[in-house]
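Protein chains: 2
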Amino acid sequence: MKIKLIAIGKTQGAWLIDGIAEYKSRLKHYTSYECIEIPDIKNRANIPIDKLKELEELEIEKYLDKDSFIIALDENGKEYSSENFSNYILKKISFETKSIIFVIGGAFGISNVILERCNDKIALSKMTFSHQMVRLVFTEQLYRAFTIIKNEKYHHK
Amino acid sequence: MKIKLIAIGKTQGAWLIDGIAEYKSRLKHYTSYECIEIPDIKNRANIPIDKLKELEELEIEKYLDKDSFIIALDENGKEYSSENFSNYILKKISFETKSIIFVIGGAFGISNVILERCNDKIALSKMTFSHQMVRLVFTEQLYRAFTIIKNEKYHHK
Chain A
1 MKIKLIAIGK TQGAWLIDGI AEYKSRLKHY TSYECIEIPD IKNRANIPID KLKELEELEI
61 EKYLDKDSFI IALDENGKEY SSENFSNYIL KKISFETKSI IFVIGGAFGI SNVILERCND
121 KIALSKMTFS HQMVRLVFTE QLYRAFTIIK NEKYHHK
Chain B
158 MKIKLIAIGK TQGAWLIDGI AEYKSRLKHY TSYECIEIPD IKNRANIPID KLKELEELEI
218 EKYLDKDSFI IALDENGKEY SSENFSNYIL KKISFETKSI IFVIGGAFGI SNVILERCND
278 KIALSKMTFS HQMVRLVFTE QLYRAFTIIK NEKYHHK
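As they're listed, the protein sequences go chains A and B.
So in the working numbering the end of the first sequence lands on 157, straight run, no missing numbers.
So in the working numbering the end of the second sequence lands on 314, straight run, no missing numbers.
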């Protein structure tokens, strides 16, 4: 079973890189997990937002294979408690798919074309997190989900 | 106007300390912001959870003055979008109070006594974040709230 995270742009800032690396390293014990950082579109400050999202869309699409269950991390998605998210992951990997791809858009979110291509949408919060912070919060929640599945001590309710 | 965050235990891990420091430093431009870390209760591994929460409660209470509007950061609180949270903060500081205190509990959450003492409860997410991660996510959201109030570029909708 494989889980991938696709994000736009390099992770910025040493503390974010270190935080993500911590949970990524812990995740190794539970699943094959890979984070793909698509390089930022060049000269993006000079590109209109809609055009930028379209260019990012073309890059993201390269990684969306047919056999994967694709989930957008999007503010307008469904919210889960950590327990329910863990249950959701467990059901997906037990019965429905061998590969899950999570997608985080760029600074301006995910294009509608990608959103329609996704099989589901999940929100980490009603609040807006930067696309950089989403990586950290998501990686911790994915790690937390596996500790819940395995009934380990990390998660307190 | 003053905003304080009260949390139990030292922030653990260099990357969390650095991440929180980044948003704390940015917050300086907008408000007086202070984060009070109450030292962990000694030998807490050997204390029953209810007793531990009671001991933490006594420590937290020392910081809850009568003139402040006190908000628990609690999974069962009300969720806000970042825009609505910003609006909430703006109303509070403009008309209702000169001091807001946010409270984050320890690993096992906030005691019921403290929850009842609070004037409001806010949830950052339906998901459970560790009491350490809550500090980082909260500090970023508070910074984001002020950039929204000031109509600055940080927040994209």
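Honestly, the hints are just simulated from the structure, not real lab data.
Bear in mind the structure is a predicted one, so any value in this text is a computation, not a measurement.
There's no promise every hint is true.
Pairs of lysine-lysine residues, derived as BS3-like cross-links and limited to a Cα-Cα distance of at most 25 Å, are as follows [to be verified]:
#, chain 1, residue 1, chain 2, residue 2
1, A, K157, B, K199
2, B, K314, A, K153
3, B, K167, A, K153
4, B, K181, A, K10
5, A, K91, B, K283
6, A, K92, B, K283
7, A, K121, B, K283
8, B, K283, A, K150
9, A, K126, B, K199
10, B, K223, B, K314
11, B, K310, A, K10
12, A, K121, B, K249
13, B, K161, A, K126
14, A, K2, B, K167
15, B, K283, A, K4
16, B, K314, A, K121
17, A, K42, B, K314
18, B, K314, A, K10
19, A, K126, B, K208
20, A, K2, A, K66
21, B, K161, A, K153
22, A, K157, B, K167
23, B, K283, A, K24
24, A, K126, B, K181
25, B, K181, A, K51
26, B, K307, B, K161
27, A, K157, B, K283
28, B, K310, A, K153
29, A, K62, A, K24
30, B, K208, A, K157
31, B, K314, A, K78
32, B, K185, B, K167
33, A, K78, B, K199
34, B, K278, A, K157
35, A, K91, A, K78
36, A, K51, B, K314
37, B, K283, A, K126
38, A, K126, A, K98
39, B, K307, A, K78
Verification of the supplied hints:
Only pairs whose Cα atoms come within 25 Å are accepted, and A/K157 paired with B/K199 is accepted, the gap being roughly 22 Å. With a C-alpha separation of about 37 Å, the suggested pair B/K314 and A/K153 falls outside the 25 Å cut-off, and the hint is violated. This hinted pair checks out: B/K167 and A/K153 have alpha carbons roughly 20 Å apart, not beyond 25 Å. Simply put, B/K181 and A/K10 have alpha-carbon atoms about 23 Å apart, close enough for the 25 Å limit, and the pair holds.
For the proposed pair A/K91 and B/K283, the alpha carbon gap of about 20 Å is at most 25 Å, so the pair holds. About 20 Å separates the Cα atoms of A/K92 and B/K283, which keeps this hinted pair within 25 Å; it holds. The suggested pairing of A/K121 with B/K283 holds, with an alpha-carbon distance near 15 Å, which does not exceed 25 Å. A C-alpha spacing of about 21 Å is found between B/K283 and A/K150, which places the hinted pair at or below 25 Å, so the restraint holds.
Distance restraint check for A/K126 and B/K199: the Cα-Cα separation of roughly 36 Å exceeds the 25 Å cut-off, and the hinted pair is therefore not satisfied. Note on B/K223 and B/K314: the hinted pairing is violated, with a Cα-Cα distance of about 37 Å set against a maximum of 25 Å. Taken as a hint, the B/K310 and A/K10 pair is honoured in the structure, with Cα atoms around 20 Å apart against an allowance of 25 Å. Proximity of A/K121 to B/K249 is assessed by CA-CA distance (about 33 Å); at most 25 Å being required, the pair is judged violated.
About 23 Å separates the Cα atoms of B/K161 and A/K126, which keeps this hinted pair within 25 Å; it holds. Our distance criterion of 25 Å between C-alpha atoms is broken by A/K2 and B/K167, whose separation comes to about 36 Å. Taken as a hint, the B/K283 and A/K4 pair is honoured in the structure, with Cα atoms around 23 Å apart against an allowance of 25 Å. Between B/K314 and A/K121 the CA atoms are separated by roughly 17 Å; this keeps the pair inside 25 Å, and the hint holds.
Between A/K42 and B/K314 the alpha-carbon distance is near 22 Å, which keeps this suggested pair within the 25 Å criterion. Distance check on the hinted pair: B/K314 and A/K10 sit about 21 Å apart at the alpha-carbon level, within 25 Å; holds. The hinted pair formed by A/K126 and B/K208 fails the criterion: a straight-line CA distance of about 33 Å is larger than 25 Å. A hinted pair counts as satisfied when its Cα atoms are at most 25 Å apart, and A/K2 with A/K66 qualifies at roughly 14 Å.
For the hint pairing B/K161 with A/K153, the CA-to-CA distance comes to about 31 Å; that exceeds 25 Å, so the pair is violated. A distance of roughly 21 Å separates the Cα atoms of A/K157 and B/K167; the hinted pair therefore holds under the 25 Å criterion. At most 25 Å may separate the alpha-carbon atoms for a hinted pair to count; B/K283 and A/K24 meet this at roughly 22 Å. Restraint check for A/K126 and B/K181: the C-alpha separation of about 22 Å stays at or below 25 Å, so the hint holds.
In summary, the hint linking B/K181 to A/K51 is not supported, as the alpha carbons are separated by about 34 Å, beyond the 25 Å threshold. For the given pair, B/K307 sits about 20 Å from B/K161 by alpha-carbon distance, which is consistent with the 25 Å threshold. The hinted pair formed by A/K157 and B/K283 meets the criterion: a straight-line CA distance of about 12 Å does not exceed 25 Å. Pair hint B/K310 plus A/K153 does not hold up; C-alpha atoms about 41 Å apart against a cutoff of 25 Å.
For the given pair, A/K62 sits about 23 Å from A/K24 by alpha-carbon distance, which is consistent with the 25 Å threshold. Using a Cα cut-off of 25 Å, the hinted pair B/K208 and A/K157 holds, with the two alpha carbons roughly 16 Å apart. Proposed proximity of B/K314 and A/K78 is supported: the alpha carbons are some 18 Å apart, at most 25 Å. Between the alpha carbons of B/K185 and B/K167 the distance comes to roughly 21 Å, so the proposed pair stays at or under 25 Å and holds.
Straight-line distance between C-alpha atoms of A/K78 and B/K199 comes to about 40 Å, which puts the hinted pair past the 25 Å bound. The hinted pair formed by B/K278 and A/K157 meets the criterion: a straight-line CA distance of about 17 Å does not exceed 25 Å. Taken as a hint, the A/K91 and A/K78 pair is honoured in the structure, with Cα atoms around 16 Å apart against an allowance of 25 Å. For the hint pairing A/K51 with B/K314, the CA-to-CA distance comes to about 16 Å; that is within 25 Å, so the pair holds.
Pair hint B/K283 plus A/K126 holds up; C-alpha atoms about 9 Å apart against a cutoff of 25 Å. Taken as a hint, the A/K126 and A/K98 pair is broken in the structure, with Cα atoms around 29 Å apart against an allowance of 25 Å. Among the hinted pairs, B/K307 with A/K78 is inconsistent with the structure: their alpha-carbon atoms are about 30 Å apart, more than 25 Å.
This entry does not satisfy hints 2, 9, 10, 12, 14, 19, 21, 25, 28, 33, 38 and 39, going by the numbered hints stated previously.
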